[in-house]
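Chains A and B, in that order, give the protein sequences.
Here the first sequence stands for residues 1 to 84, numbered as in our numbering.
Here the second sequence stands for residues 1 to 216, numbered as in our numbering.
The reader is advised that the hints may include incorrect statements.
The calculated lysine-lysine pairs, modelled on DSS-like cross-linking and capped at a C-alpha distance of 30 Å, are [what the hints assert, rightly or not]:
1. A/Lys-66 to B/Lys-67
2. A/Lys-30 to B/Lys-179
3. A/Lys-4 to B/Lys-191
These aren't lab readings, by the way, just hints derived from the structure by calculation.
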Amino acid sequence: MVLKCRHVWDHISDYIEGTLDPAVRADVEKHLAHCEICSAVLDSTRNVIILIADDRVFELPVDFSKRLHARLDMVLATESPEPG
Amino acid sequence: MTTPAAVSRQERESALIAAILDGDREKFHDLIRPYERQVYLTALSLVKNETEAEDVAQEAILRAYRKLASFRGDAKFSTWLIAITLNEARTRLRDEKRVLLDSLDNQNLENGDYTPAALTDWREVPLEALERLEIRALLGQAVAALPAAFREVVVLRDMEELSVNETAEALGISIALVKVRLHRARLLLQKRLAPQLRIELKSRKKSGILQRLPWF
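Chain A extracted, bound-state conformation (with noise of 0.2 Å):
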């Protein structure tokens, strides 16, 4: 089937999981082979899942774990979990 760009758009997160039916990802993979904005569209979205994915751009804020751990213990050191 001749896909439009649209069709296209509606597929490219499922094209990225690797989710597509295959009939689908054909039809997808054909346009995506000579049309230009399309494929710099699944190239786009896939580079910017790629960089928010990077631990840098949420950092944990200074002395997170330090503060939580020295939570924990005065919780540890006066509580068990309680009885399931």
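Dock chain B against chain A, hints included.
Coordinates of chain B only, in the frame set by chain A:
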């Protein structure tokens, strides 16, 4: 997907949990350490403020300790912990009556028409660019600006790298809904970020050349 590494992690965690429930409470530090970042990010996906997110993260982890006996090995410990964190964050939001406003903002987003940023001259920002504070800020702001329902899914799936099934389980929504929200969220991020990153990189390139050419 259950890899050998995942199986051994699960076994290690089961042993730690059994020891803690048996009285070796100190082991809770070891149990929680690999998930600190995940818990914090999950909290931040809802509350949007670093101080509050830290507070929610601490409360969620304390709750996980207190309720540890109710953890059943049929789910992954991380999924259970994230569900507790989401719950803690939502309770906080409900107390502040912010949830209603946010859920109104989200209406119709799942069905809306969508056009991505069709910029053929921008395809890739290398990971090295993340060394730059401006690039990190652009990405952080774009995630923070997503409607809450989309942000949760992006944080769990794309940032914490849970599977689609685990994301659905942690959020208590269907797999189909996770996929729809994930798709919309990713395209919203692309639409916002593609033009911004393109400008940021172009200006960088130009100033780079200017710096290298002494006569400018």
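Given hint B/Lys-67 paired with A/Lys-66 - CA-CA distance at most 30 Å: holds (23 Å)
Do the alpha carbons of A/Lys-30 and B/Lys-179 lie within 30 Å of each other, as the hint requires? holds (23 Å)
Would the hint linking A/Lys-4 and B/Lys-191 be met if the CA-CA limit is 30 Å? holds (19 Å)
In this structure, every one of the numbered hints holds.
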